[in-house]
Every structure is written in C-alpha cells, then in structure tokens.
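Numbering of the sequence shown is given in this note's numbering, commencing with residue 4 and proceeding in unit increments.
These aren't lab readings, by the way, just hints derived from the structure by calculation. On a predicted model such as this, the values are computed, not experimentally measured, just so you know. Incorrect hints may appear among the rest.
[Said to hold, decoys possible] Pair ranges (Cβ atoms, derived): (1) Glu95 with Ala66: 16 to 22 Å; (2) His45 with Pro106: 29 to 35 Å; (3) Ala62 with Phe100: 19 to 25 Å; (4) Asp92 with Lys22: 18 to 24 Å; (5) Asp37 with Gly103: 28 to 34 Å; (6) Asn107 with Pro49: 32 to 38 Å; (7) Ala66 with Glu39: 29 to 35 Å; (8) Asp85 with Thr33: 16 to 22 Å; (9) Asp37 with Glu95: 29 to 35 Å.
Don't be surprised by glycine CBs; every beta carbon is placed ideally from N, CA and C.
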Amino acid sequence: MGGTNPYVNQEPPAPATQKFSIKFLPMNVTVEVDPEKIPYGHTGLPGSILDIGLANGIAIDHACGGVCACSTCHCIVREGLDSISEMTDCEEEELSFAPGLTPNSRLSCQSVPDGSRNLVVEVPNWNRNAVREGH
4 MGGTNPYVNQ
14 EPPAPATQKF
24 SIKFLPMNVT
34 VEVDPEKIPY
44 GHTGLPGSIL
54 DIGLANGIAI
64 DHACGGVCAC
74 STCHCIVREG
84 LDSISEMTDC
94 EEEELSFAPG
104 LTPNSRLSCQ
114 SVPDGSRNLV
124 VEVPNWNRNA
134 VREGH
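Start from the sequences, fold in the hints, and give me the full structure.
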C-alpha cells in the first residue's frame, strides 16, 4: 500500500539530516535511523515513524496505507515529541477517531522526526497487527 491522499495539499516536512534512534515500546526494540536511507519504503511520509518502524519489522497497523486517511497507525510519543513535525489539521482530524488518545498521541504516518533527539514511541496493543495476509 502507500501513495498520497488527494485531499491533503500540504508539503511534507523535511526528514532528519542527522542520525538518531527510536525505541519502540512495548517491544523494547531500538532502531538506529540513518537519514541517508530515508525513505525506507513507500508507506507514510518519508522518514515518518511509520516508514522507519515498518522497515525495521515493527508491526504498526496502517489500514489506509499511510496517507492520513484513518487513525489505525496511532502511536504515543513518550520522549522526543518536540523533535517531530507539527501536527497538520488533517492529522488532527483523523487522530480524533483513535481510541486511547493522550496529549502525546500522533499518527505515525505523519510524524517525521527532525533527528535532534532520540525518541521513545509506544505502539498501543490495538495498533499492533501481528497477523497479515501474504503479499
């Protein structure tokens, strides 16, 4: 999946320019992010938490393919929230449909870290899809 949302007319934020890490909870997996490898795939904004997580085997559900058209990739940024791109109106609207919102909730497909801080990101258990159909 992947692509763009034709209803979102905003320039994507610039991906990180320096190395940083993301610790994914509750898996307790730390991923070292090399900005030279961004984008890792075609799901979510380039360099987004979703893009990075999927490339490193982190099972984050993303029913819309990472185009900001659902709320299934909801995550909670426990550390480093101030280093992530600003929330757009579209993200805020879609995020409002996610269960278990916190002040640190974001859509992982739209959250692009700038690399200035390491992150700790929790993937809520209802957003972890351990079973997927084959390709």
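Item to check | Hints that the structure is at odds with (numbers, increasing) | outcome: 4 and 6
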